[in-house]
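> If you want the building blocks of each chain, they are given just below.
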Amino acid sequence: MDLTFPPAQEAFRTEARAWLEAHVPAPGTLASLDTAEGFEQHRAWERTMFEDRWSVVSWPAQYGGRDVGIFEWLIFEEEYYRAGGPRRVSQNGVFLLAPTMFEHATPAQKARYLPPMAAGDEIWCQGWSEPDAGSDLAGIRSRATPNASGDGWVLDGQKTWCSRGAFAEWCFGIFRTDPGAERHRGLTYFLVPMDAPGVTVRPISQLDGETGFAEVFFEGVEVADDQILGSVGEGWTVAMSTAGSERGLSLRSPARYSEAAGRLIDLYAARADGDGPQAGRIADDVARAYIDAEAYKLHTYWTASKVADGHSVGPEASCNKIFWSETDLAIHTAALQLLGPEAELLDPDPSGEGQAQPGPWLDGYLFALAGPIYAGTNEIQRNVVAERLLGLPRG
Amino acid sequence: MDLTFPPAQEAFRTEARAWLEAHVPAPGTLASLDTAEGFEQHRAWERTMFEDRWSVVSWPAQYGGRDVGIFEWLIFEEEYYRAGGPRRVSQNGVFLLAPTMFEHATPAQKARYLPPMAAGDEIWCQGWSEPDAGSDLAGIRSRATPNASGDGWVLDGQKTWCSRGAFAEWCFGIFRTDPGAERHRGLTYFLVPMDAPGVTVRPISQLDGETGFAEVFFEGVEVADDQILGSVGEGWTVAMSTAGSERGLSLRSPARYSEAAGRLIDLYAARADGDGPQAGRIADDVARAYIDAEAYKLHTYWTASKVADGHSVGPEASCNKIFWSETDLAIHTAALQLLGPEAELLDPDPSGEGQAQPGPWLDGYLFALAGPIYAGTNEIQRNVVAERLLGLPRG
Amino acid sequence: MRFAFTEQQLELRGAVRQVLARECTVADLRAMALGDRHGGAGRTHERWSVLAELGATGLLVPQAHGGLGLGELELVGVLEEAGWAGLPEPLLESAGLAAPLMAAADAASNGGAGSVLGRFLEKVAAGEVVATVGGIDVTSAGLVTTTTPSPEVTQGTVVTPRVTGASVAGVALVALNLPGAGWQLHLVEADPDGVTTTPSIDPTRDLGTLEWSPWPHTLIASGERAEAMLSDLADRAALFSAAQLLGLTERMITMAADYAKERRQFGKPIGSFQAVKHHLANARVALEFARPTTYRAADSIARDLADRSAHASMAKAMASDAADLAARVALQVHGAIGYTWECDLQLWMKRAWVLSAAWGDAPTHRSRVLSHAMAAAAER
Amino acid sequence: MRFAFTEQQLELRGAVRQVLARECTVADLRAMALGDRHGGAGRTHERWSVLAELGATGLLVPQAHGGLGLGELELVGVLEEAGWAGLPEPLLESAGLAAPLMAAADAASNGGAGSVLGRFLEKVAAGEVVATVGGIDVTSAGLVTTTTPSPEVTQGTVVTPRVTGASVAGVALVALNLPGAGWQLHLVEADPDGVTTTPSIDPTRDLGTLEWSPWPHTLIASGERAEAMLSDLADRAALFSAAQLLGLTERMITMAADYAKERRQFGKPIGSFQAVKHHLANARVALEFARPTTYRAADSIARDLADRSAHASMAKAMASDAADLAARVALQVHGAIGYTWECDLQLWMKRAWVLSAAWGDAPTHRSRVLSHAMAAAAER
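Protein chains in written order, with our numbering: chain A, 27 to 421; chain B, 27 to 421; chain C, 166 to 545; chain D, 166 to 545.
Hints were generated in silico from the structure; no laboratory data involved. Note that CB positions come from ideal geometry on N, CA and C, so glycine has one too. Be aware that a few hints might be false.
[Stated by the list, open to error] Computed footprint of chain D on chain A, listed as stretches where at least three residues anywhere in the stretch have a Cβ under 8 Å from a Cβ of chain D:
{"#": "1", "stretch": "28-35"}
{"#": "2", "stretch": "120-131"}
{"#": "3", "stretch": "309-319"}
{"#": "4", "stretch": "330-343"}
{"#": "5", "stretch": "397-409"}
[Stated by the list, open to error] Not the full set, but computed from the structure, chain C residues with beta-carbon under 7 Å of chain A:
{"#": "6", "residue": "380"}
{"#": "7", "residue": "383"}
{"#": "8", "residue": "440"}
{"#": "9", "residue": "501"}
{"#": "10", "residue": "504"}
{"#": "11", "residue": "506"}
{"#": "12", "residue": "522"}
{"#": "13", "residue": "523"}
All chains, full assembly: derive it from the sequences and hints.
Written as structure tokens, this is what we have:
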């Protein structure tokens with residue numbers, strides 16, 4: 027067991043830190059990525075990263091990456107959050123679709139889709155859920171039927187909760203190609219340009235009033251055979267490898283929680299009144315959230331070491347989603363408790379000079395609230411843990 | 027709204043308090059009621075109460091009670107716990123069977139069974155659960171078949187978790203009289219002497235090593251028609267009125283929790299180290315447990331006022347069991363936390379002079395641990411709350 | 166001993182419920198949330214008028230000043246309904262906090278209808294003027310002022326942040342605690358120029374910063390007298406926010422239960438899954454026990470019992486916890502839908518977040534209860 | 166960077182698991198719990214011998230003294246197995262706490278095999294003598310001694326309560342903190358007359374009160390040196406009890422999951438109900454994340470890193486919480502059966518209660534972590 031990084035990885039960290047310190051936009055410079063203006067600003071940031079090969083460090087060099095290992099990726103993430111890097115507008119593509127592509131795409135597909143994804147030229151949204159298929163993804167009804175000439179498909183149906191859907195160029199999702207097949211069978215994984223005739227986008231406003239996601243309607247949308255990822259009818263298997271990365275290691279680097287937990291300690295130091303039982307109560311919540319963030323980081327390193335040793339991630343990964351989502355919520359709930367009646371303020375309190383401000387915490391809280399819901403609600407996740415790790419019978 | 031007691035009730039309180047102060051045995055005088063010796067000592071205490079008409083205050087005078095209302099009963103309970111009165115060995119009869127008898131028994135049955143129950147001459151145990159019918163009482167398999175002469179019944183089967191079963195004189199329980207009927211139907215409520223031929227008792231040791239309950243086996247046990255409570259085939263309805271009192275108001279007076287919460291405050295004052303975050307953490311748990319005990323008392327008064335006004339208890343009572351059992355556990359968990367590494371000690375720590383001692387808290391904790399399990403697990407209770415109060419569909 | 170509301174109390178509450186069902190619709194709240202402050206204000210005026218007609222605005226104002234002269238128990242019922250309906254106006258602050266304090270100050274000054282206080286009181290009771298309070302917050306260590314005096318203050322400008330209903334209030338009772346000079350309570354008349362709006366996460370919340378000047382004629386109490394009045398205000402604030410939280414909680418649970426009956430996944434309504442049932446049952450149990458705790462606190466304040474502060478703190482602690490739990494559970498049951506602006510839940514949920522943290526959060530009030538219980542134990 | 170055990174570490178652990186499956190059966194534990202101390206002690210001796218054969222008793226003892234000279238990571242795996250098996254003997258105290266402290270004291274005194282400490286160390290490593298520790302407890306404010314000196318103590322009798330393994334230990338390291346004189350650490354040889362057994366809720370726990378006399382020749386460290394050794398001991402105690410709790414937790418979850426697959430109610434296995442699944446899943450998640458936290462703490466202590474105390478406290482906080490949750494969940498899943506003496510669960514559950522509270526409970530360790538984090542933040 028060796029929990030230190032070798033010189034090469036430390037050098038990588040130093041290089042990343044220096045680049046990020048020089049390039050990360052100052053706080054408040056970019057508008058929210060859920061606005062049209064902010065979306066383009068964030069896209070420009072992706073391009074800046076891409077130009078110096080920081081946008082997809084773990085990818086092969088031919089697609090714009092640095093071909094580094096899992097620990098370098100974790101190091102980069104730590105540095106990215108440490109530097110206060112902007113939210114990644116290309117996240118759905120880079121962290122969800124790309125791992126699936128590396129596993130299932132043809133060489134031609136990789137050459138076609140990965141470079142513009144890495145460059146931020148093509149931003150992807152996810153066509154997963156449908157109005158009647160949320161936690162129960164197997165209930166997908168959107169369908170793909172062979173076109174008249176037999177050289178492609180026609181998509182019809184509706185997807186919802188498509189993050190970044192309002193402004194994205196491309197959508198990936200699963201459609202039913204065999205209407206006679208039940209539930210998990212007969213689904214196929216498609217890549218669809220959002221400007222294709224027949225695609226209609228209706229943005230959905232979130233709790234904060236911004237349009238973080240969208241409904242996407244498909245009416246007679248023509249797609250070619252080479253827009254299928256994997257084989258026809260194999261969409262569920264292909265999709266689950268993406269869902270796995272959404273729920274497992276690759277999406278959720280621990281850096282967000284470690285960084286927020288560090289800020290929570292600063293906020294506690296600045297805001298706790300120090301004595302009295304109330305401070306104690308909050309202190310315990312703060313400490314618990316801080317420890318949980320640390321535990322999540324350690325668990326990730328543990329899993330990464332398994333991966334680096336050539337083992338598979340294992341069913342233990344089904345615990346991850348429950349833990350990071352609750353840790354995120356615990357960190358932000360403790361922060362709001364420390365902020366007390368000021369927690370509700372959208373703008374910094376003019377009287378709170380030099381102190382930690384509520385605004386970012388409130389944003390973070392709203393973001394964290396979605397954690398137990400998306401990527402499979404935590405209720406579904408608990409079923410999975412009970413069934414896969416403990417062998418309990420299906421309900 | 028008037029939360030003060032009128033003079034007559036205050037006078038009742040004064041009288042009860044004076045009698046209890048004069049008669050309640052000193053702490054440690056009686057052995058545990060789950061031992062043969064302690065059982066008889068507790069029976070003697072029931073007789074002492076009965077002689078001065080304190081054993082069943084809310085019953086009609088003809089059966090040994092004082093015919094007082096629900097508030098007087100609550101007052102008596104408060105005073106009983108305040109005085110440190112012993113656990114009631116006659117509890118199953120007095121609080122579970124008797125309310126059912128008042129509703130369903132014939133005059134002859136009442137005259138036969140209630141006075142010796144009130145006097146502690148006949149102690150009752152409950153024949154409810156079976157090895158395969160715990161939370162799912164409708165799964166009862168023990169059966170009653172008409173005897174050869176047609177003037178009585180023969181009982182066969184097994185009951186378990188019969189509290190006080192090791193030493194009781196009588197058992198009440200439900201048996202299947204119509205083997206063709208499904209689940210809730212075809213059950214009948216019987217009263218069975220434990221010394222009847224064919225009854226075998228196997229005591230079960232609890233967590234603390236004492237025999238708080240027993241398995242009871244019935245092999246060809248003859249019972250007469252007048253040992254049926256209610257009608258043949260109506261056992262479920264009759265039983266549910268008892269289960270209702272077990273889960274609802276009549277069994278669980280708030281006095282136990284109020285008294286324990288008061289002691290918790292004393293323990294906190296004696297044991298909390300006063301400063302530092304740890305004290306704060308415990309302080310919040312202590313305060314929460316204390317408030318919950320108070321809330322349970324207020325809720326009981328609220329329900330009692332409805333009853334006194336002639337209304338029914340209502341489906342809100344399904345919340346009670348969850349709340350009192352969790353409150354009890356919260357009080358005792360907080361106490362053990364305050365006791366820290368001393369919590370495990372069965373005997374008082376010789377060095378802890380004059381301070382609150384762990385022994386009674388540990389006993390209380392073990393007792394409280396059973397709360398979320400018996401009388402319908404809290405999981406079942408949550409289903410009931412969701413279905414009856416919120417109208418959610420059955421699973 | 167009778168722990169129940171009277172018929173009259175239930176009738177008043179029922180009337181408020183009926184009126185708010187008509188005057189405070191989801192559409193009204195949405196219009197307000199969308200920043201249609203003008204339209205919102207229009208409805209605000211109408212709503213306030215009908216509440217005034219029912220006597221709600223002057224519920225605690227003595228009959229001599231045109232009020233109903235009723236007590237805290239009646240107002241608790243009314244505020245539960247305000248929570249249920251999502252009422253955005255500062256009824257809590259105006260009728261529950263400012264009015265009784267003004268009446269107390271008026272009585273102490275031997276005022277009467279002719280005095281400044283008395284005249285305001287009549288307008289407040291009649292619904293012509295909205296009153297609010299500011300400058301005071303509750304911590305486990307005691308009351309603190311949020312009003313910031315400028316360094317040279319004696320007659321200078323002071324700043325009071327986070328005043329609820331600031332944009333509609335015609336008069337505000339504001340606390341400040343001057344270094345050396347102690348507590349003061351001022352009656353400040355509305356000056357639209359002196360109000361800066363403060364955006365809150367709750368889009369229907371009318372929050373603002375007041376800039377005002379203390380003058381001898383604005384001072385209505387100082388020193389121990391001011392402190393006692395502010396302690397009374399803190400108890401009422403805990404009680405009445407608890408009451409409003411009960412209504413918010415019940416509404417959120419109802420919304421979530423309704424949704425759980427309708428929404429289907431895996432071939433059946435999600436409300437038939439145990440996980441959903443148990444989430445909602447837990448919230449329902451928390452509500453069930455927060456209720457009598459709140460009603461008892463109302464009675465204790467109405468009778469000015471020695472334990473009133475502890476009883477009010479118990480109510481706020483339980484109601485805040487119930488509301489926080491219900492908000493979290495309702496969101497989880499709604500899933501992604503609950504995370505959208507289009508889902509009505511957000512209007513109640515944000516309100517619950519804000520009110521749960523206001524006037525001392527649950528841990529704050531629990532620490533107050535514990536201090537009280539320890540003091541009582543020491544006396545035994 | 167490689168956060169994983171080596172093959173050798175896993176092999177040692179596997180060997181311990183195999184041996185304990187044979188030597189530490191439920192029947193053995195039951196015999197002990199039923200007060201069959203004599204029979205229990207007989208098995209104790211056998212068990213201790215086979216653990217010594219594997220090198221477990223001298224795992225942290227330098228090879229020069231007959232030990233394996235291995236590190237904390239190896240012992241953590243062994244103690245997880247001890248928890249899984251419900252091992253009642255004080256392996257944690259003897260191999261994990263007393264032995265490394267004796268080795269450190271021996272090294273500091275330039276002792277060697279010929280010294281008193283060295284001779285004891287060899288016997289401890291060989292499994293001929295069981296060692297234990299006493300007189301020290303962990304609070305959020307720091308270390309406190311539980312040893313009570315009689316008023317006139319210098320050479321008088323002192324009393325050390327709640328010493329684990331007191332009835333089998335041949336030697337004990339005992340702390341005391343004399344008013345004025347500060348910390349002392351003594352090496353006390355066994356005196357069966359000086360031990361009074363203390364009944365614990367955990368019937369397989371061997372707890373006793375030591376009466377002993379401090380002499381110059383029993384003193385092995387005092388003042389700052391003693392304090393540093395006790396601080397080291399506290400870190401190890403947190404780490405190793407965390408490790409044992411992990412094993413207890415896994416066993417309780419496994420027992421409950423097995424029961425949930427078997428036990429049927431309402432026509433199906435109770436493990437198919439969501440409520441049961443979610444209870445168990447929560448416990449399983451808590452265990453999953455307590456594990457790497459504990460392994461990291463072992464590495465930090467092995468390397469004597471600056472953050473080792475904070476890392477040990479994180480481990481104990483997470484492992485205690487996981488064990489408490491698993492105990493509660495396992496009992497709830499078992500229902501009334503779990504409440505009986507006949508159900509094996511009780512043996513692990515009581516052990517978990519006790520170990521979770523020992524050496525600082527979860528809130529205590531969280532407060533230590535927070536102090537550490539704040540100090541680190543202040544330095545940034």
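> Each of the hints needs a verdict: does it hold here or not?
Quick rundown of the hints versus the structure:
{"no.": "1", "hint": "28-35", "in the structure": "holds (count 6)"}
{"no.": "2", "hint": "120-131", "in the structure": "violated (count 0)"}
{"no.": "3", "hint": "309-319", "in the structure": "holds (count 8)"}
{"no.": "4", "hint": "330-343", "in the structure": "holds (count 6)"}
{"no.": "5", "hint": "397-409", "in the structure": "holds (count 4)"}
{"no.": "6", "hint": "380", "in the structure": "violated (23 Å)"}
{"no.": "7", "hint": "383", "in the structure": "violated (22 Å)"}
{"no.": "8", "hint": "440", "in the structure": "holds (4 Å)"}
{"no.": "9", "hint": "501", "in the structure": "holds (5 Å)"}
{"no.": "10", "hint": "504", "in the structure": "holds (5 Å)"}
{"no.": "11", "hint": "506", "in the structure": "holds (4 Å)"}
{"no.": "12", "hint": "522", "in the structure": "holds (5 Å)"}
{"no.": "13", "hint": "523", "in the structure": "holds (5 Å)"}
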